[in-house]
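**Student:** Spelled out from the first residue to the last, the chains are:
Number of protein chains: 2
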Amino acid sequence: MSADDVTVVPAATLTGYCARILEGLGVPADQAGVVAGSLIEADLRGVESHGVHLMALYADRLRGGHLKPRTEVTVVRDAGSSALLDGGQGLGQISGMAAVDLAVAKAREFGVGAVAVRNSSHLGALGWYTMRGADAGCITLAAQNGPPFVPPFGSVTGIFSTNPMSYAVPAGEEPMLVLDMATTAVAGNRVLLAQKRGDPEIPAGWANDDRGRPTTDPTKASVRHLQWFGGYKGYGIALLVEILAGVLTGASFGLVDREPGELTGFDRVTRGYLFVALDPSHYGPMDGFRADVDRLVRDIHASEPAEGVERVLVPGELEHRRREQRLIDGIPLASALVDELDRIGRAAGAGPFPG
Amino acid sequence: MSADDVTVVPAATLTGYCARILEGLGVPADQAGVVAGSLIEADLRGVESHGVHLMALYADRLRGGHLKPRTEVTVVRDAGSSALLDGGQGLGQISGMAAVDLAVAKAREFGVGAVAVRNSSHLGALGWYTMRGADAGCITLAAQNGPPFVPPFGSVTGIFSTNPMSYAVPAGEEPMLVLDMATTAVAGNRVLLAQKRGDPEIPAGWANDDRGRPTTDPTKASVRHLQWFGGYKGYGIALLVEILAGVLTGASFGLVDREPGELTGFDRVTRGYLFVALDPSHYGPMDGFRADVDRLVRDIHASEPAEGVERVLVPGELEHRRREQRLIDGIPLASALVDELDRIGRAAGAGPFPG
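If you read the protein sequences in the order shown, they are chains A and B. The first sequence maps to residues -17 to 337 in the numbering used here. The second sequence maps to residues -17 to 337 in the numbering used here.
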């Protein structure tokens, strides 16, 4: 991509503009700031699929009445180390933040806490929540389900979403460890991009054709036939995600639509999710835990790279470095995305794209 | 394998003999029964790698003084929904059973419980514990670390074990869901077996050669260079297992030996592990949860198989069916294994192999 195709924007400017757009769409100012902040954090880390690119989707759903602009989170149950919240069919970031904070509070009191949410919507990047938990000193895990389009291992019937999961682990002097991933081998847009670019081949295991036959031909690979990472083992993890995020919470799951809303099945807007936080200080001194995580990270970094590998990495390391750099340099946005935001912004009364 | 190479033994006979062997090696009768029972359960499910085949290893370590025959489990910390146990360098099954039962008790009281164990040893199959938790009505997860020999993704330095994890989820009329897996693509003995048989090829991603280069040639693949299931995503899960089972518990982890015992590093006998139990009845009616798991399982079973697939499966299904069959037919044991057990049994004063 040439420099002409990219606009570089300071994170704060982008956050402010996206927040104003959301406010223009009826989202209260404090909630708009939270949602915008979560998207910009993803862009800072280079996770563009979960950055401001999502504004178009959110705007569309807010305008269509499929998402409530004012998110009201209600407590369905709360006892001991567990709780169940209802996300009020509002913005996922609002109930998600409430849920992870409650899980952390429970972990501090009881050692471990598990907070489930139903009737919410798209959360953005799960890492945003698990990092928030790790910032507060807890090992934090997240699992989220979604609309049915990915088949079980060995099937051609869509029953699951890409069922993402994430964890973050606090460290000492090293940056925290962060894994944030779909349980499919890749997201559908990786396949679409390969098709659009005319790539001759995609790696084995990304997606099957529409009869469920393995293929490395991008023109035959179907985004309705994404495959699980690591075959049946990844399928096993995805099934656990579906149960924790969908079944346990009483949310929609698999082929079952259980939450209010016009859009169901493949178009399902609602999501269920679960956050688990674990406070290491209930098992031993926190300083010792942090030092041991540092030690493990350093032993990994000091290990001998395989032939052709430059550096042995830990999860979240590349994203952490990218964030540091983009906080200084700004966030590069493709011109098409800038145009899209400009259009949404003008329509929402937030004015033209800044700069 | 011809019928001559196989002896079929009723489960109860095999359990009794293995228990007598363990008693002969100084293990108290009640503990011997538990350990033998866990091994026979693995054989019933067809998980031979974690069945009575392990008796030789256990006998060796008991005789060598690396494992204490009488396992004394002590409570290091116990508060709220968390606890830390010390496995007294004894048999893993004893502290593991105590830990999973405590996690379930905490889940019943608080909604979720997480019990960590350090200074224990080989647990056998993790599924034995998670199924016990699911039998008691809890979604149960287990993670275990071990001696360092598997490199981080992109490295040739052994820092991790095969870092297994397991979960079990209670259902209603359907059998519970059970996943029990190494986070490496396969266990080392799958590679060794391919070498022994002279297989022309192994699947890509099982193991690298001794310079960390990918290979499908079994003669070049190294059991010191096993690869993670699903590449860097599986590595991310394995790292979480190391942190939950090793770092959080204060056990040995990575290259750090922290527990007593002569055998360290690659020969490390001690293990750390974590069990997490989650009681669905704290989030909604238990009957509803069970019915929803059944519904999900049935939708998976009713889904259309991909070309060449006979039946779409859920985790644990094949093992469950095998168990039902072997409870009736008995457990088939290779003659070499029968001979080995006979030798160990005679030496331990338990007499010859029965039958």
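Fair warning: there could be bad hints in the mix.
The list makes no distinction among identical chains, and a pair is therefore deemed to hold if it is satisfied within one copy or across any two copies.
As the list claims (entries may be wrong) - Straight-line C-alpha distance at most 25 Å; calculated SDA-like pairs for lysine to any residue:
1) Lys50 <-> Val16
2) Lys178 <-> Arg2
3) Lys50 <-> Pro242
4) Lys202 <-> Glu286
5) Lys50 <-> Val291
6) Lys50 <-> Gly194
7) Lys178 <-> Glu156
8) Lys50 <-> Lys202
9) Lys178 <-> Arg293
10) Lys202 <-> Gly213
11) Lys178 <-> Phe248
12) Lys202 <-> Pro185
13) Lys202 <-> Arg293
14) Lys50 <-> Pro129
15) Lys202 <-> Ala186
16) Lys178 <-> Val29
17) Lys178 <-> Arg308
18) Lys202 <-> Glu289
19) Lys178 <-> Arg59
20) Lys178 <-> Val16
21) Lys178 <-> Arg272
Hints were generated in silico from the structure; no laboratory data involved.
**Student:** For each hint given before, does the structure comply? Return the numbers of the non-compliant ones in rising order.
**Tutor:** 2, 5, 6, 7, 8, 9, 17, 19, 20, 21
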